[in-house]
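Protein chains in written order, with numbering that gives the first Met the number 0: chain A, 0 to 352; chain B, 0 to 443.
Just so you know, these hints were derived from the structure itself, not from any lab.
The C-beta atom is built at its ideal place from N, Cα and C for all residues, glycine as well.
Wrong hints could be hidden among the right ones.
Once the Cα atoms are required to be at most 25 Å apart in a straight line, the calculated SDA-like pairs of lysine to any residue come out as [what the hints assert, rightly or not]:
(1) 430/B <-> 97/A
(2) 201/B <-> 154/A
(3) 201/B <-> 153/A
(4) 126/A <-> 307/A
(5) 147/A <-> 427/B
(6) 71/B <-> 300/A
(7) 309/B <-> 50/A
(8) 315/B <-> 309/A
(9) 97/B <-> 38/A
(10) 119/B <-> 301/A
(11) 177/B <-> 430/B
(12) 309/B <-> 45/A
(13) 147/A <-> 193/B
(14) 309/B <-> 300/A
(15) 313/B <-> 175/A
(16) 97/B <-> 345/A
(17) 201/B <-> 149/A
(18) 430/B <-> 250/A
(19) 124/B <-> 45/A
(20) 316/B <-> 307/A
(21) 119/B <-> 50/A
(22) 147/A <-> 71/B
(23) 147/A <-> 178/B
(24) 381/B <-> 313/B
Label pairs and their calculated CB-CB ranges [as the list claims (entries may be wrong)]:
(25) 201/B <-> 150/A: 44 to 54 Å
(26) 430/B <-> 149/A: 38 to 48 Å
(27) 224/A <-> 218/B: 53 to 63 Å
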Amino acid sequence: MTHVSQTLSSSAPLAPLTLPARRPRLALPALLLLAFVAVPLVGNDYWLGAILVPFLILSLAGLGLNLLTGYAGQTSLGSGGFMAVGAFATFGFVVHGGLPLPVAVFLAGLVTAGAGLLFGLPSDRIKGFYLMVSSLAAQFFFEWLFQKFPWFYNYGSSGTIALPRFEIFGLNAGSALGRYYVTLAVVAVLTWIAANLVRSQTGRSFMAIRDMDTAAAVIGIPVYRTKVLAFAVSSFYLGIAGALWAFVYLGSASVQSFGISRSFQVLFIIIIGGMGSISGNFIGAAFISLLPLAIDYTAQYFFAGHVDAGLLQNTQKAIFGVLIIWFLIKEPDGLARLFRNLGERLSNWPLRF
Amino acid sequence: MKRLVLTALLAAGVAATALAPPSAHADGKEQYVPLPTYRVGPYASSGTLWWAGTLDYFRYINEVEGGINGVKLKIEEFETEWSPDRTVEVYERVKNGKDGAPVAFFFTHGTPASYALIEKGAADKIPLIDPAGGRTESTDGTVFPYAFPLLFNYFSQASVGINYIAQKEGGFDKLKGKKIVTVYHDSAYGRETQAAVNLLAKKYGFENFQIPVADPGNEQSPQWRQVREIKPDWVFLRTWGVSTPVAIKTAQRFGIPADRIIGDVWAGSEADVIPAGTAAKGYQALAPYPGGPNFEIHDRLRKAILDTGKSDLKDKKFFGAVYYNIGLINAVLAVEALRAGQAKFGNRPLNGEEGRWGFEHLTIDDARLKEIGFQGLLQPIKLTPADHEGGGAARIQQWDGEKWVLVTDWIQADRDTLRPLIEAKAAAYAKEHSITPRSPTAEN
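Kindly generate the complete structure, drawing on both the sequences and the hints.
Here it is as structure tokens:
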């Protein structure tokens, strides 16, 4: 994050006295190298297909919601519904329209953006928690819509959508590695766009509205248009994430995969990871999706067979909940902030003062 | 500093997950049986009994019979909260077996999970077992070699329901002009029977009404008002979880007698009727898994497992409950399939392909049922490579206010009428996914 946006987001009344020295930025290239080269070399099918793919998709969904909630300050509980729009629209474009999958996913993103725009209209008059309640309408409306009209799931007997073989431009990308690369590429590109978006004029308008929309209006930012735009952009991301979740990760989906609990999951990702932060989405998604598995593994390793299985499972839930509370008390700004503080300390290490 | 410690702890946790836990090395004589379960979440109350039944039977096989022909079952449980997403993760985790013990089959324990895994199972050659559930058209094993909606698929459920109504009315010719309402849970499970009921309505000339109840179904007055306006002769109740007792109670309020309501498999356990109180008296349900603790196998389990404190059951009063018996029956089907496979491949742990062969040649006749103690509890069953269901019958049980009473013997579904429908759907799937149906006669 550049220093300008830092001073915008924190409420420091004074400009910093010294500019932080620019360190060479190697972290990002190293991370990309790790993700594109090292991980596929080391990881097996299970890690790539069942852990990293859902982790990346959830990060993308978190990113979508973060643009709306963390940057533009508009609360929403409709993420699951918008993901469903992305998934079902992709299915519709492929099955009814006969389009190739990548094109269908992109168009589905646009359709979801349209849907988000529609449900963003009330944000003109409604704010805060009230807006969140109205976004619930989107969640329940889409769940109902995709169950009620068989056209959306091509008249299947069970309301489940599934696509034929997973192909990208004629290549079979069905292996765990293929799925991983497709997801990673999409997520990397969209993250890059989002990172630039939040530093652009649009992003700064988002943040101005988040911090105080009256002030934003006074300095000439078209508040209503910007809010609706935030809804559209956010929904585009969520739509793509929904399509990936349905067809790249699960392989099939029904509305149950995008229920209200999914909306909460995405919301928790950004709250825990950090509102108004790009890296926070990844950290939050890792926390939400990987930590339960880590706890599960640890519990299985040490206690399986010795402790009653039901008790063990419920204890894991409790531990997970306690960890969330503990982290939020320690660092209400999310894990991204915690890691940044840690990084700053380490960069001064060992002479902190 | 504390934070650093915590980070280190977390890192250690993640690292621990990356390393496969070492354990007592299997001597190549173990069969790995992973079980995706749900002891947490909205369906835990039924799940807990279910896994108790399954685990008790597997323990009985391991400890009393010394495994299946000497091959012990190595059971491992994984929590999924009935979420298909979690089940997919579990499947990926276990599909390659553990410590050299191979996986011969994977219980999906839920229709959504069966749908999500159907292509992965076919690609990895792991049979997906979903008794009395699953994707109906996967009954056609020529298109779906690795999916088994074993025992009693959704079309058979509809058919047995209609057959029982015909029996009560005094013949199929009496069905003409009758009004039969299906109240269903609006989900993959709830909708699966519609095509079958449509077909049967045309064949027998009854009027078919379908009324959905949205999940979870805590409030059903509008639906039952609609039902009352129709003035149905019979109601087929295809709900799940909390929506069943609510339906029974609401039906009583709208003056629909309980003995005119027939519940489906997943609406026919103690958990479905006890909360409905006296309203449930006389309510009937399809029972491919009859309730009751007095079948022969229960005596054996009582002696070897329950009374020795090895049972997974917390509260012994649930011994013989419907969900407990579901667990028992699913376990015995798996064990008998492994036996069938071992008869061909030798007495050793089987892999997925061999497991499929075992399930496709699973035959349990009356004599065998007696031998294993399941007479009356399980129907005779015979699978073939083209028929992945194999049973298709259920008994009817009626709630007398305190317990389930079996009121009929096995009622067979009209599978010949429904088979073309299944084949048509399977063919459509094959075309969509460019699968060439295998020809079972050409193999082995």
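Here's how the hints hold up against the structure:
For a cut-off of 25 Å, the pair hint linking residue 430/B to residue 97/A stands: about 15 Å separates their Cα positions. Distance hint between residue 201/B and residue 154/A is fulfilled; the C-alpha atoms sit about 20 Å from each other, no more than 25 Å. The hinted pair formed by residue 201/B and residue 153/A meets the criterion: a straight-line CA distance of about 23 Å does not exceed 25 Å. With a C-alpha separation of about 47 Å, the suggested pairing of residue 126/A with residue 307/A is violated against the 25 Å cut-off.
Restraint check for residue 147/A and residue 427/B: the C-alpha separation of about 23 Å stays at or below 25 Å, so the hint holds. Between residue 71/B and residue 300/A the alpha-carbon distance is near 21 Å, which keeps this suggested pair within the 25 Å criterion. Of the supplied pair hints, the one linking residue 309/B and residue 50/A is violated, its CA atoms being roughly 35 Å apart against a limit of 25 Å. Our distance criterion of 25 Å between C-alpha atoms is met by residue 315/B and residue 309/A, whose separation comes to about 16 Å.
Simply put, residue 97/B and residue 38/A have alpha-carbon atoms about 23 Å apart, close enough for the 25 Å limit, and the pair holds. Pair hint residue 119/B plus residue 301/A does not hold up; C-alpha atoms about 30 Å apart against a cutoff of 25 Å. Distance restraint check for residue 177/B and residue 430/B: the Cα-Cα separation of roughly 38 Å exceeds the 25 Å cut-off, and the hinted pair is therefore not satisfied. This hinted pair does not check out: residue 309/B and residue 45/A have alpha carbons roughly 34 Å apart, beyond 25 Å.
With a C-alpha separation of about 14 Å, the suggested pairing of residue 147/A with residue 193/B holds against the 25 Å cut-off. Proximity of residue 309/B to residue 300/A is assessed by CA-CA distance (about 22 Å); at most 25 Å being required, the pair is judged to hold. Under the criterion of a C-alpha separation no larger than 25 Å, the hint pairing residue 313/B with residue 175/A is inconsistent with the structure, at around 40 Å. This hinted pair does not check out: residue 97/B and residue 345/A have alpha carbons roughly 41 Å apart, beyond 25 Å.
Our distance criterion of 25 Å between C-alpha atoms is met by residue 201/B and residue 149/A, whose separation comes to about 21 Å. For the hint pairing residue 430/B with residue 250/A, the CA-to-CA distance comes to about 18 Å; that is within 25 Å, so the pair holds. Between residue 124/B and residue 45/A the CA atoms are separated by roughly 16 Å; this keeps the pair inside 25 Å, and the hint holds. Between residue 316/B and residue 307/A the alpha-carbon distance is near 19 Å, which keeps this suggested pair within the 25 Å criterion.
Proposed proximity of residue 119/B and residue 50/A is supported: the alpha carbons are some 16 Å apart, at most 25 Å. Of the supplied pair hints, the one linking residue 147/A and residue 71/B is violated, its CA atoms being roughly 48 Å apart against a limit of 25 Å. Under the criterion of a C-alpha separation no larger than 25 Å, the hint pairing residue 147/A with residue 178/B is consistent with the structure, at around 24 Å. Annotation: proposed proximity of residue 381/B to residue 313/B is violated, straight-line Cα distance about 34 Å (limit 25 Å).
Take residue 201/B and residue 150/A: their Cβ atoms lie about 23 Å apart, and the range 44 to 54 Å is violated. Take residue 430/B and residue 149/A: their Cβ atoms lie about 19 Å apart, and the range 38 to 48 Å is violated. Distance hint for residue 224/A and residue 218/B: a CB-CB separation of about 40 Å, inconsistent with the stated range 53 to 63 Å.
In the structure shown, a violation is registered for the earlier hints numbered 4, 7, 10, 11, 12, 15, 16, 22, 24, 25, 26 and 27, in ascending order.
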